Amino acid sequence: MASQTDLSAASLFNVKGWVAVVTGGGSGLGLVTANALAANGVKVYVTGRRAEKLKDAEKQDPSGGSIIALQMDVTDKESIQAGVDAISKKEKFVNFLVNNAGVTSGTYRESLQSGAFH
Amino acid sequence: MPVSLQVRIEKVFSLGPSTNVHKVNYGPEGQPKGSPAEISKTMMNNQTFDDWTWVYKVNVASYYFTSAAFLPLLCAAKDNGFSEVGSILNISSISGITKGSQNGQFSYNASKAGTISLTEQLANDLKHLEVRVNTLAPGYL
Chain A
1 MASQTDLSAA SLFNVKGWVA VVTGGGSGLG LVTANALAAN GVKVYVTGRR
51 AEKLKDAEKQ DPSGGSIIAL QMDVTDKESI QAGVDAISKK EKFVNFLVNN
101 AGVTSGTYRE SLQSGAFH
Chain B
119 MPVSLQVRIE KVFSLGPSTN VHKVNYGPEG QPKGSPAEIS KTMMNNQTFD
169 DWTWVYKVNV ASYYFTSAAF LPLLCAAKDN GFSEVGSILN ISSISGITKG
219 SQNGQFSYNA SKAGTISLTE QLANDLKHLE VRVNTLAPGY L
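Chain order of the listed sequences is A and B.
Oh and the first sequence: position 37 is 37 in our numbering, straight run, nothing missing.
If you count the second sequence from 1, you need to add 118 to reach our numbering.
In case anyone wonders, no lab produced these hints; they're calculated from the structure.
On a predicted model such as this, the values are computed, not experimentally measured, just so you know.
Incorrect hints may have been included.
Unchecked claim - Listed below are the simulated BS3-like cross-link pairs for lysine-lysine, each with C-alpha atoms no more than 25 Å apart in a straight line:
1. Lys-16/A x Lys-196/B
2. Lys-159/B x Lys-92/A
3. Lys-151/B x Lys-217/B
4. Lys-159/B x Lys-77/A
5. Lys-92/A x Lys-151/B
6. Lys-89/A x Lys-196/B
7. Lys-90/A x Lys-175/B
8. Lys-59/A x Lys-90/A
9. Lys-53/A x Lys-90/A
10. Lys-175/B x Lys-53/A
11. Lys-217/B x Lys-159/B
12. Lys-53/A x Lys-89/A
13. Lys-77/A x Lys-16/A
14. Lys-89/A x Lys-77/A
15. Lys-77/A x Lys-175/B
Unchecked claim - Stretch-level coverage of chain A by chain B, calculated; a stretch enters the list once three of its residues show a Cβ under 8 Å from a Cβ in chain B:
16. 59-65
17. 76-87
Glycine is no exception: its CB is placed at the ideal position from the N, C-alpha and C atoms.
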């Protein structure tokens, strides 16, 4: 059985020193996820297609965590592999991969607005 | 009828008589309304094949390839002082669980259901590597 201290919330949820990757981490839910991880001592690589948006996300957190921008297109195998290679040059491991990058589809409403019913 | 929907419909009709729209294109639960021919037209015009495959490419296929590419780094965590290998979290959506299309988001909802299926398959097939794969289904943000 785990020791009593291992069962404390601080221990159970300890992520300090982790390395994480959050795809689509430059905005929205991905950015919030990256910030939450960084605030708890995680070095987070945020990936996305827009370099400028990613640069805005970069930070060094007092907890020791940080956010680092890495341009990577998740719809392109070579770009994904290049991203893995770039991280491999700086890190020996990754503790957490968050596949977050996503797109939405149109709705009937949006079709109406765009005049698709003409 | 919700006020916003009424306003939207009035806005569309204000575009002029040449604008060929149905009086009510979707009901309160998002289902298309009208005659079978009108419903058919609404659904056919809603999206293209490319719209469908693009949503699937980003929301499902990219998660597969990204997960596969990062496997060695994830497994290396255990060789570098951690008690467990790394894990994967796939962001799906409540839209991947809902039964309706939410006003015609057929391709998005199907893709997010696909994300959930992909997660289960990866979790199953990678369990011998001890890589945990989970999915989270956020609601409206």
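Evaluation of the provided hints:
no., hint, result
1, Lys-16/A x Lys-196/B, "holds (15 Å)"
2, Lys-159/B x Lys-92/A, "violated (54 Å)"
3, Lys-151/B x Lys-217/B, "holds (17 Å)"
4, Lys-159/B x Lys-77/A, "violated (37 Å)"
5, Lys-92/A x Lys-151/B, "violated (56 Å)"
6, Lys-89/A x Lys-196/B, "holds (18 Å)"
7, Lys-90/A x Lys-175/B, "violated (29 Å)"
8, Lys-59/A x Lys-90/A, "holds (17 Å)"
9, Lys-53/A x Lys-90/A, "holds (22 Å)"
10, Lys-175/B x Lys-53/A, "holds (22 Å)"
11, Lys-217/B x Lys-159/B, "holds (22 Å)"
12, Lys-53/A x Lys-89/A, "holds (23 Å)"
13, Lys-77/A x Lys-16/A, "violated (30 Å)"
14, Lys-89/A x Lys-77/A, "holds (19 Å)"
15, Lys-77/A x Lys-175/B, "holds (12 Å)"
16, 59-65, "violated (count 0)"
17, 76-87, "holds (count 6)"
In this structure, the hints that do not hold are numbers 2, 4, 5, 7, 13, 16, in rising order.
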